[in-house]
Amino acid sequence: MVTLAIDLAFILEKFVLIAVIIVISLLVALYTTFGERKVAGYIQDRYGPNRAGPGGIFQPFADGIKLFMKEDVIPNSSNKFLFVLGPAVAMTMAMLTSAVIPWGREIELFGRTIPLQIADINIGILYVFGVVSMGVYGIMIGGWASNNKFSLLAALRGASQMISYELAMGLAIIALLMLTGSLSLKTIVEQQSTGWWNIFYQPLGFLIFLVCAFAECNRTPFDLPEAESELNQGYHQEYSSMKLGFYLFAEYVNMFISSALMATLYFGGYDIPFVNDAALTESIGTNLMALLQTISLFAKVGFFLFFFMWVRWTIPRFRYDQLMKLGWKSLIPLALFNMVITGLIVLIKENGWPF
Amino acid sequence: MNITQILFWFLTVLAIGSSLMVITSRNPVYSVLSLIVTFFALSGHYILLNAQFLAIVNLIVYAGAIMVLFLFVIMLMNLNAETEPQKNKWLRFAGIIAGGCFLLVMVAALRDADSRAATAMTTYGETGLIQHLGKVLFNEYVVPFEISSVLFLSAMVGAVVLGKKE
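Protein chains in written order, with this note's numbering: chain A, 21 to 375; chain B, 891 to 1056.
If you are wondering where the hints come from, they were derived from the structure by calculation, not from laboratory data.
Some hints here could point you the wrong way.
Unchecked claim - Okay, the calculated beta carbon distance ranges per label pair:
(1) 1019/B to 323/A: 33 to 39 Å
(2) 261/A to 994/B: 53 to 59 Å
(3) 363/A to 1044/B: 22 to 28 Å
(4) 331/A to 1019/B: 53 to 59 Å
(5) 73/A to 1050/B: 30 to 36 Å
(6) 308/A to 1022/B: 55 to 61 Å
(7) 963/B to 340/A: 18 to 24 Å
Said to hold, decoys possible - Rough simulated footprint, nothing fancy, chain A against chain B, three-plus residues with beta-carbon under 8 Å:
(8) 958-965
(9) 1039-1051
What the hints assert, rightly or not - Below, in silico cross-link-like pairs of lysine-lysine (DSS-like), each with a Cα-Cα straight-line distance of 27 Å or less:
(10) 345/A to 1054/B
(11) 349/A to 1025/B
(12) 1025/B to 369/A
(13) 1055/B to 345/A
Backbone N, C-alpha and C define an ideal beta-carbon position, used for all residues, glycine too.
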């Protein structure tokens, strides 16, 4: 008989936390699809979906049911195993990043202090990068397994675009890390909640990060993998039913997670603006404070989600060579410049003006 | 048997199994995907040894960047199991002998390595953490570190020159 030395309460606590975060991200992603259509309607001066429920509030569920009910076609000439694996990988990788984002400080429940973060690892940002670079595989596997020239071309487009913009994103983050001196997302948020938000120190870095986030999520103006005028439908051309739904859904989950990441890195994360968090915690208690902090984070995330949609319905799509030129010839030199300037300022701040 | 041991055996079986898949599967795309799984298993081992930085960099660089390029090339060449040329019988024989020799040398070299008595530090130890690694790289090993970055630069220039050739 082998006995397992496991802290059962710890495992249970993490399981509940993971389940809650996954359900919340899926719900947010679900309603982002609805929000997207409403925002599109508003910008194009029409109503948007308004039939299912009051104001069209049940529209995402109707869409979901529709996707589930459709016939699930697996093309004969496709590689069946990889064809199913593609959307699964896309969805999994989209969800994985949420593990290191701090959604609030902590709550006290049943005499335990539970931090509202699944894992506070000391390489948080690098973990995010690792997962983001894995996201390419969902698109590539799906596109190749479809055995369709357009899908393959779109998949290659998507992959090369993501690899190119990852570089500029990484360089933008390095400048941020020079200031914070930590890779843990929790520490970065704590630093911001006692002082200024990082956006004031790193405006250029944030701009680069924002553009790269758009490119990583395959959103307009960088949605070249889905350029229907050139590639029919893109890498998910052969997909139908919920497999297609997974691809579309993964995009919205990615949007949600990258919004949360931008809020965490540059906009103070769960910090409530203009409020002394420690003093407020004293007066209203830890749990209520955690709730307020989570609401604050979600308000910031909501703004970024709206920004994603706003850009989508305002700016037309780039041409592919313009996209590559922007990534390699503008953003990377700009990010390098930002990095050098930041390094100089950090050095001068630590050692004084040498001249 | 504690969690670390269970994880160790799971990762070991996964690593060996998937690396066997790399060389036995007929479809080159499956080979690349198995190699990615192998990298994941190895990263898991690094995490067990508390080398978090190494683990995640292994994933970013190898599984995230290099393997994507491999997959690119293989997908564009459209290699299928049917079109793969049958290898010469003698070539296979020579390969087995060469591999066996390499295994012998490895066993002989590792048999007397002084790491035999040392036990691996799991879930503790500071060596693999990023703060420690950064200090060591930029103090003790700064010259080799910079030389290797020059090497990367020259490789990059070489790639550009090759790409520019008409």
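Discussion item. Tell me the numbers of any earlier hints that the structure contravenes, in ascending order.
Written reply: Failing hints, ascending: 4, 5, 6, 9, 11.
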